[in-house]
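Construct all of the structure, not just a fragment, from the sequences and the given hints.
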Amino acid sequence: MKKLLLIFILVFFAGHVLKAQVSEQERSALLDFHESTQGNNWVKKWNLEEPVAKWYGVKVVNNQVTEINLFRNNLVGTLPESIGSLKYLKSLNLAFNNISGQIPPSIVELSNLVVLKIEMNRIKGALPSDIGKLTRLEELTAFNNFISGRIPNSIGENTKLKVLNLSSNSIIGRIPETLGNLVGLESLGLFENTLFGEIPEELGNLVELKELVLANNQLGGAIPKEFGQMASLEILQIQNNNFNSFENLEEMESRSFLVFDYDKDKIKIDLKNVDFSRTRMADTKFEDDID
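Heads up: the sequence shown is residues 172 to 462, going by my numbering.
You may find that some hints are simply not true.
As the list claims (entries may be wrong) - No farther apart than 25 Å at their CA atoms in a straight line, the calculated lysine to aspartate or glutamate pairs in the DMTMM-like style are these:
#, residue 1, residue 2
1, 258, 280
2, 261, 309
3, 331, 379
4, 295, 203
5, 258, 328
6, 333, 372
7, 216, 195
8, 261, 238
9, 396, 373
10, 230, 310
11, 333, 405
12, 435, 382
Unchecked claim - Beta-carbon label-pair distances, calculated as ranges:
#, residue 1, residue 2, range
13, 215, 295, 22 to 30 Å
14, 258, 215, 19 to 27 Å
15, 209, 319, 35 to 43 Å
16, 317, 245, 16 to 24 Å
17, 372, 209, 40 to 48 Å
18, 192, 321, 38 to 46 Å
Hint data in this document are derived by calculation from the structure and do not stem from the laboratory.
No residue lacks a Cβ here, since even glycine has one placed at the ideal position from N, Cα and C.
Laid out in structure tokens, this is it:
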């Protein structure tokens, strides 16, 4: 009898330990997330009776939730404020769903976040003004939503960013000069918003930039002469804006653009050493890898 009782106790505690492999705070945040995005209607569902580590798209390392990847999984609803409790999260991929509502302010509490992918949803409202708190962020893709407001100046504090894509939203205002602080940036997409004013000369600091897409805005003035400093640039799309001078593009020497689009019908320029046999016109669009 004592042996049976001991076995029962061991089994009970083993099961309890398995279910409690992440903190109660993290599990509670995941349950909030599941409820607020109609988890019962997801394509690949969570079995809430199983340990968190077995839930689809959730990665657990050292009893901590480090990754959530629910790409194209029919998430419908809003992101809960409690998502900020997942403080060990390094990657959050919710792209290609039907998430609505605003980005919860608590998202900036995810101080370990490296990848944030929320593109192709129905998210509205402004980006958090203190998004610069995400100092480890390397990739932020939020294109094809209904994000409004201005690009926060604090974006310049995300100095590890390599990819920033806010295209096809309703973002207004000027491009912040602080973007010039992102010296490791390789891809910048601001296509199809309502950005106006001149391009800040500070963008010339982005010497690692390979892709710059500013098409379909209301940008004006002259192309900054500092563009000549972007020696790595392969894709440049600036068409459908209100620029009054492209003269400084003539100083962009020894380029082999893969894509170069500007308003050729408005002005003629003489680009030096551009190999147009390799250069193609391209539709400005953004796609996510399909898992």
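Hint check:
1. A C-alpha spacing of about 7 Å is found between residue 258 and residue 280, which places the hinted pair at or below 25 Å, so the restraint holds.
2. Simply put, residue 261 and residue 309 have alpha-carbon atoms about 10 Å apart, close enough for the 25 Å limit, and the pair holds.
3. Only pairs whose Cα atoms come within 25 Å are accepted, and residue 331 paired with residue 379 is accepted, the gap being roughly 12 Å.
4. The hinted pair formed by residue 295 and residue 203 meets the criterion: a straight-line CA distance of about 20 Å does not exceed 25 Å.
5. Distance check on the hinted pair: residue 258 and residue 328 sit about 19 Å apart at the alpha-carbon level, within 25 Å; holds.
6. Our distance criterion of 25 Å between C-alpha atoms is met by residue 333 and residue 372, whose separation comes to about 19 Å.
7. Of the pairs offered as hints, the one joining residue 216 and residue 195 holds, with about 20 Å between alpha carbons and a cut-off of 25 Å not exceeded.
8. Our distance criterion of 25 Å between C-alpha atoms is met by residue 261 and residue 238, whose separation comes to about 6 Å.
9. Restraint check: the Cα-Cα separation between residue 396 and residue 373 comes to about 10 Å, which is no more than 25 Å; the hinted pair holds.
10. A threshold of 25 Å between alpha carbons decides the hint, and for residue 230 with residue 310 the separation of about 19 Å falls inside it, so the pair holds.
11. Between residue 333 and residue 405 the CA atoms are separated by roughly 15 Å; this keeps the pair inside 25 Å, and the hint holds.
12. Straight-line distance between C-alpha atoms of residue 435 and residue 382 comes to about 20 Å, which keeps the hinted pair within the 25 Å bound.
13. A hinted range of 22 to 30 Å for the beta carbons of residue 215 and residue 295 is consistent with their spacing of about 26 Å.
14. Between residue 258 and residue 215 the CB atoms are about 25 Å apart, so this pair conforms to the stated range of 19 to 27 Å.
15. The hinted range of 35 to 43 Å is not satisfied by residue 209 and residue 319, whose Cβ atoms lie roughly 25 Å apart.
16. The hinted window of 16 to 24 Å between residue 317 and residue 245 holds, with their beta carbons roughly 19 Å apart.
17. Between residue 372 and residue 209 the beta carbons are some 47 Å apart, a value that agrees with the proposed interval 40 to 48 Å.
18. For the pair residue 192 and residue 321, the beta carbons lie near 42 Å from each other, so the given range of 38 to 46 Å is met.
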